[in-house]
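Please build the complex by placing chains B and C on the supplied structure of chain A, with the hints as guidance.
Going down the list, the protein sequences come from chains A, B and C. The first sequence begins at 27 in this note's numbering and counts up one residue at a time. The second sequence begins at -3 in this note's numbering and counts up one residue at a time. The third sequence begins at 4 in this note's numbering and counts up one residue at a time.
A hint or two may mislead.
[What the hints assert, rightly or not] The calculated lysine to aspartate or glutamate pairs, modelled on DMTMM-like cross-linking and capped at a C-alpha distance of 25 angstroms, are: (1) A:Lys148 to C:Glu279; (2) C:Lys315 to B:Glu145; (3) A:Lys148 to C:Asp244.
Since the hints were derived computationally from the structure, they do not count as laboratory data. Because the structure is a prediction, the values reported are computed rather than measured.
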Amino acid sequence: METISFTSQLFQYLITGLTVGSVYAMVAVGFNIIYNVTEIINFAQGEFVMLGGLIMVFFHVGMALPLVLAFPATVILVTLVGILLDRLAISPIRQPSVLTLIIATIAASILIKGIAMFIWGKDPFDLPAFSGRNPITVMGAVIQPQYFWVIGFLIVVVIALSIFFDRTIIGKAMSACADNADAAKLVGINVKQMILLSFALSAAIGAVAGVTMTPISLMEYDRGAMLAVKGFGAAILGGLGSFPGAILGGLIMGAIESFGAGLVSSGYKDAFALIVLLAVLFFKPSGILGDIEISKIKRF
Amino acid sequence: MNRLAQEHVLDVQGVAMTFGGLMALSNLNFQVKKGTIKAVIGPNGAGKTTLFNIITGSFPPTKGTVKFKDEPIENLKAHKIADRGISRTFQTIELFSNMTVLENVMMGCHTCVRTSFLSSGLKLPRSHRKETEILDRAMKVLRFIGLGEKINEPADSLALGEQKILEIGRALASEPELVCLDEPAAGLNETETHVASSLIKAINAKGITVLLVEHDMKVVMNISDEILVLNYGQKIAEGTPEGIRNNPRVIEAYLGGEA
Amino acid sequence: MLQIAKLPIAIFAALIITFPWMAHQIPVIDHYADIMVFVGIYCLITIGLSLLMGYAGQISVGHAAFFGIGAYVSGILTTNYGLNPWICMIIAMLITAVIALLVGAPSLKLKGHYLAMATLAFGIIIFIIFNEEIEWTGGPDGMPGIPGLSLFGFKFDSVDKYYYLVWAFVLAAFIFTANIIQSDAGRALRAIHTSEPAASAMGVDIAKFKIIVFVYSAVLASLAGSLYAHYLNFINPSTFDLFFSIKLLIMIALGGMHNIWGAIIGALLITFLSYEWLHYFEEFEVIVYGAILLLVTIFLPNGLVGVPEMLKSWVRRKN
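If we strip away everything but chain A, and leave its shape as in the complex, we get:
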């Protein structure tokens, strides 16, 4: 193997980082959708990603459905899980407090993880890359075609969501719930339904992230928690509730992780993102794009 120059090595880290970061960004967007409507942080957010990957493996590899069928089928199934999560774990709670809601989503998360282990076992699963595995080389960096799919789907998700929230009645109603649930109730918006929808939507996005990342990094039952924590880190870094913030936060988080693992220590790969998360929480909980004035009043 030829020796790779330091610059192309850095470029390689950047590309890998941005790809992983796109996954974190999608998880962060999922956090934000639910948070904006309900002020709940869904600790089971990472399980949607894990389920997305494994269900896709089932449809695409197991049942040999073509990609164009397996992908939407996976998203629909995970969306159903999101709906079940709200119906079975969140809405039955009679006196919701922050503490009970956290515990409920944690409970759901280990339950989903356990069921996934029951179905798929403990081994990681591979998924064929969408358009093969012949890497292209740019500036000495090896780029898998799947990287483009991941980044591309992040862009698709972002565009679809901005159309949804800005142009459709339902999307606007959801934003209204986010701004002021009581006022939304007064103008006749069914807040319960909006909460359900937020879980469904955020599960769907999680599924997209899972489906697109699996050909790169495989998938197994216990990935959810780490993805959730890193995705939350991305959401916080960008400013919780902010969609542009989630994208930016995700990409930065991915890049930090990739550079950290490459240049500092690969064993501590997972720790970098968490240290960033702690640093943001400790020193600037409003995030980079969060409104500083508002955060002062909210007193996180």
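Here is chains B and C on its own, set in the frame of chain A:
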């Protein structure tokens, strides 16, 4: 009584508060004389609760100083201000709903008598003595406010009027020199309002200075020595009840919008 | 008044003292004394967590880290440096206290979800360190050869002896914590839980109280960790993973975190579940735990200790 000779217990100078560009209070100056009852009135959104929150240390003002007994307190945290001798009630009742009536008032004694973690954990005689002292003080307060019969009931099982009274009692338990009452009569019926008014007078008779925000004009006119009127975060009038009653700017502020 | 009655504590103490003898009379449960050692160790953690979460209302999903720090500091100092285990235990508690202070001071300014995520991230970071610092910790393979405990020549070398040692610590921690709950300090904690603005208006230094309980609960977890290491003579990182933090959460939620007895009941049930009753579920026990936690959250918000109260109010409503 010659009130002119008395000192000011509270001195608010040039206080301003902005929230994200929104001016909640601007250049506010006023004093509260020791041993008096002063009411702050004004339409909704006039900045009354913001003023209370600044005085009691929920957040510091954007500009200006607040002096309590000639010492600046505007940058102190809420618990430090409570220790100095200012206690308060809340507009939306903030009782400790998971505690009994007695425990709520005992909590009020925290400013005067407190025990360390270690001595409570080891149950040193010191901490036992203190607990007895707290209990005595709390019982005294409860008898004073007339809730002596209900000490073991959960705080949130009381009627609204009693909850308001209990909150005042809890504030009194800290033996304050100044109590800030945020709408003590809000939501009360006539009898309850009467009870609350007499209680406030009784508190004042003990020599405690009272600052209150209230919408019920009957209460305000009845019990206050002085009234401060705010509108849009600014002082528009200050004076005796009679003076305020006839002040054209006050009448306009209250009726102007609707006339 | 919040009183923790003395009689139940006396009965509890009597049961604990006689339990090994009783267990040894019945062959099927002969080994229960061994499980009870672990129950005791976990009780030390849940007692502190109950004070932190149930009374003061501050969530932590990272206490496995403090448990692990206690175990590893004890393990490293005794095996590598041959220090006296008791001294190591105290050093471990001091180190844990300092770490808890450093992590807690900025974390406890955060509320709810933020605090949960901060403690969770901290827990995972410590777990990664246990795995990666192989030179110190032995890495994923773990650390063997940790000596047992002895005091003035008396060796705690049997299950029963260690049982009494652990439960003596539990009883002390229980009484200490119960005393706090019934004091002015305990009221201040509950005040913080219900209304921070009102608590600070009563002169409660919220930041100080939160950090004190956080450090206290961390130190108890550290003590539990040291006792764990000296009992098993072997530790490895997987004991101190995120799932253990969640298991602690399940213990206090199941028992009822608003009551210190809940800490004991929860630790007892979950430990027996995982060491004994869920054997045939093998790894799938995680499904059972998830289901328990979810059902408790929905149907028993006050845990098992809240059941009598729930029944009472249910009967009252029926009449």
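Tested hints:
no.: 1; hint: A:Lys148 to C:Glu279; result: holds (23 angstroms)
no.: 2; hint: C:Lys315 to B:Glu145; result: holds (24 angstroms)
no.: 3; hint: A:Lys148 to C:Asp244; result: holds (17 angstroms)
Hint check: no violations occur; every hint is consistent with the structure.
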